[in-house]
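*Asks:* Let chain A serve as the given structure and place chain B on it in line with the hints.
2 protein chains.
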Amino acid sequence: MMSFTAYILDVVSDTVYPARITIENGIYKEVSPITVNERTTVDVDGLMIPGFIDSHIHIESSMITPAQFARIAVRHGTTGVVCDPHEIANVMGIYGVEAMIENAKQVPFNFYFTAPSCVPATVFETSGATLNADDVEYLLKKDEIVALAEMMNFPGVINGDEEVHRKLKLAHVYGKPIDGHAPLVSREDLDKYLEPGISTDHECSNVLEALEKKLKGVKIMVRDGSSAMDMEGLFNMGEGKSNIENPEQLGLIYRDVFESKIYSPLFDFIVSDDKHPDDLIKGHLNLSIKKAVGFGIDILKAINMVTINPAYHYNLNCGAIVEGAQADYVIVDSLTDLNIQKTYIGGECVFDGENVLFDAPEVEAHNTINASKKTPDDFDIHYDGKECEVNVIECIDGDLLTKKATAKLKTKNGVVQADLIQDVLKIAVVERYGGNTVANAFVKGFGLKKGAIASSVAHDSHNIIVVGYTSEEMAQAVNQVIDNMGGIAIYSEDFIESLPLPIAGLMSNKDAFDVAEKVATLHDMAAALGCQLKSPFMTMAFMALLVIPSIKISDKGLFDGDAFEFMDVIIN
Amino acid sequence: MMSFTAYILDVVSDTVYPARITIENGIYKEVSPITVNERTTVDVDGLMIPGFIDSHIHIESSMITPAQFARIAVRHGTTGVVCDPHEIANVMGIYGVEAMIENAKQVPFNFYFTAPSCVPATVFETSGATLNADDVEYLLKKDEIVALAEMMNFPGVINGDEEVHRKLKLAHVYGKPIDGHAPLVSREDLDKYLEPGISTDHECSNVLEALEKKLKGVKIMVRDGSSAMDMEGLFNMGEGKSNIENPEQLGLIYRDVFESKIYSPLFDFIVSDDKHPDDLIKGHLNLSIKKAVGFGIDILKAINMVTINPAYHYNLNCGAIVEGAQADYVIVDSLTDLNIQKTYIGGECVFDGENVLFDAPEVEAHNTINASKKTPDDFDIHYDGKECEVNVIECIDGDLLTKKATAKLKTKNGVVQADLIQDVLKIAVVERYGGNTVANAFVKGFGLKKGAIASSVAHDSHNIIVVGYTSEEMAQAVNQVIDNMGGIAIYSEDFIESLPLPIAGLMSNKDAFDVAEKVATLHDMAAALGCQLKSPFMTMAFMALLVIPSIKISDKGLFDGDAFEFMDVIIN
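Each protein sequence line maps, in turn, to chains A and B. First residue of the first sequence: 7, per the numbering used here; consecutive thereafter. First residue of the second sequence: 7, per the numbering used here; consecutive thereafter.
Simulated from the structure, these hints should not be mistaken for lab results. Quantities reported herein were computed from a predicted structural model and do not represent experimental measurements. Incorrect hints may appear among the rest.
Copies of the same chain are indistinguishable here, so a pair counts whether it falls within one copy or spans any two.
Quick list of in silico lysine to any residue cross-link-like pairs, SDA-like style, CA-CA up to 25 Å [as the list claims (entries may be wrong)]: (1) Lys175 <-> Arg193; (2) Lys198 <-> Asp51; (3) Lys456 <-> Ile268; (4) Lys414 <-> Phe501.
Bound conformation, chain A alone (with noise of 0.2 Å):
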């Protein structure tokens, strides 16, 4: 048991005072005011709050594991994350999800995870594993499933796919909440969306858009992660009123946002979704708060987005000082600035301000990259003539869209060759999950003047992606990749280089610093070999996600996204 005074933030009552804090077992005991005087004060310098929790983040994304995701958390005040194992399940399936379970078990921080309900994203392409309703049953069973995840596959639940229906009524059967994503889906098909209570969305670009979801009762997840950037379009306001066709149909709230710009009570949670190595180290909600706030955001309501909101929806026992609650607290050097001093989950210092006071233990690296080594011919595309005119992806820096782009290109003893003057390249998906066909396209966007760059990570089946200007090189990145078990790479007659992620071919055991020092050195020679995409392993990794329109390429060929359907690579 301890017991001692600090200046407290009490989310419940929105304010600031001091307060004596009993913790026992790591619950709060007791949160009593106190009156400080002129020569005596409190025992803690700063203020303390409740720690911050994310509300929807897949760690993958930030290429570590859950432990050693959590000693990077800490240090920006982070306690507790709503996390959805969907990468590593696209790999490995139930298995892979509870690895991470058992290594998140490990360390003291709190992974609340969440049963991912779309594996395989889609069917046209391979996947390391399924996850059918039964699976998803036997995961919402386990203590550490506190929901069903983001429900992605929005036109099989409109559609009334029996086998998504039959997950979504699991939810309920267990009493667990279910994340929705549902980008740009709006009117009839919202409604029909939601009908089996789906109850958050992360996906809400303007704000007429979150409005529709608010006003028919999702609760309404603004993201700040590196992938995307929601904060700007919902908080600024400015865009999508004049979208609004009959103003007097959306209802009482719609008066409170658009006539006074009263918009506190439409946002509930702030979450990261993604969050890259390299983004990560600089900060996490501590940041997006602060953010918030330069929005015009109320500081108290910010942070009740990351507190108390997150902690009242999912059940958690933790997000408020108040007694009962688990000891979660942060110790900041002001609301202003931010500072994180110290970090105590459970009433256990787990970062002093210098230092993480846990390790993070080590996840045993099975290898899940099940792929013969490439060679030069299987990145060809042969063509019988001098010319041909072909379809071409072209990538937009920082976005998942991509646009339809067609290009004629010159042929080299029968193969198709790359274009540097049209800066059309060669990419291709290497199945890793024993089948060791090959898919190969074209793509424009990238800039590479020579060499090639791959990567194991490759939403949302994680399949080999490569894109490069010689056959030879592709086959030399992608064998790269192979040989360290995952992982990204980069070739060219310059240097050789590339970051193991034996974890699924996602993560790696290594800390974040270690992580978004060899991801910074591999951006450093892509741009050297004339990239200028400010991400470009992370924007070929979306090449391969059909589910986001207009042309993407899976390991089973070029995808079109609008039609949802393959199209050839060579038109003619």
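*Replies:* Frame of chain A, contents of chain B only:
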């Protein structure tokens, strides 16, 4: 049991969502988020928010009974008040407090009473009763009493007055919080004042004062009432900054408030303290919330200050729409306009948008005015000479403070005369508890050119106070008050008018509209006689409030509020 769907404002998670509400025996049995779709909508047209709670008010200042107060408060969305029956206690003691409680119980409204701690306010006046520590204990034992009322006797606390400290200790014995009242008390004095566990203050008039108290553990009540409006000084922040001598001593909140204007956590409640009938009919906390929003306070923070925060502090089972709480709620058209559509208490509709659905039982009026009729010579001040110099109370419009002035006045037949040129009128306090004494003096600032105004509302002892031009007119006005068993009255050769307040000389059994209308008529008449004060009867009532400097009058004589002793009227 009733069940319906509505958009609710959830003050715990600071958000709005549609929910299914089930109420049983006046308690929320179910509050579950639901989804709403394009074609259907929720049952309730409007937004359901928790009913407002005024955490510090003296109902007597509204000149109506608790039951009548309830009838007007529910029109404004108020469902509960923490009220200090301090005024009636000064007149009638415990019997008066119990009469208030008894009347309050007969209407469906949440009256949370506090036990008056300072009756009488000083030993320099005659009150109708004394509440010693035993009396306070008798009250603290009652379930209807939720706290020890504002401890106004800060010198008594600071100097260790035994009886005062006995009362404070009793609050701890009965586990009830202690309200404070410590205008401009600071530094070591504030420390001594707070030491016995006084936990609120509603007297802060500038942000620096609030800041010091907040840092020392006081919950800050921002006052927005008829007599005192501190919201501008507190929420506008502008002033006070330069007064800080040693900013670093103010600690961490200092930086948040002054460097970045993050002032949300500084304030806890919005209260009205006193609400005169003419103000009360216009609005209550509903208007205060809008006013706060106008000053830049987040709407959710403002609403928390009159819902969950008072409930949390005073341990009341209301203030939020959550399972297990009492179903006290209001339907508003929108947060923007905050127009009250309907008000419910314990699940029952008490205001349907047009009519209040309960009656106000009368309080039996016993005459508490024990004073013989007065004759003009009761108000004469004699001086043997043609002219004399006198001390004069100089009132300031809208302020409880007064200034010390002097004037040279002529005599007529040995009686000192008022002087219209200098605007020096006669003022007197008529003891009304059987002693039949009259204290006479002079006052500046009322502007009456003829006639007199009198009132049995005269803080805190509520003797009869009168201001007039001639002794004859003063006697007429006072006798009118005596005939009416108390109240306010105006007398001149042109008109005689009065508002009887037969309950303790403080309250009417009539409704707020009637009382407000009569007050307005009396104000118009006073203006017609030359008085330019905004609220002449209120200003007059505070001329007897000895605890506020610099010069006041009690039934025992002219009082020097700085030296805290009596002073002579005639100087030489």
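*Asks:* Now tell me if each hint is right for this structure.
*Replies:* These are the hints, each one checked on the structure:
1. Lys175 <-> Arg193: within (23 Å within a copy, 62 Å between copies)
2. Lys198 <-> Asp51: between (52 Å within a copy, 23 Å between copies)
3. Lys456 <-> Ile268: Classified as neither; 53 Å inside a copy, 52 Å across copies.
4. Lys414 <-> Phe501: Neither, since 31 Å and 102 Å both go past 25 Å.
The structure is inconsistent with the numbered hints 3 and 4, although it conforms to all the rest.
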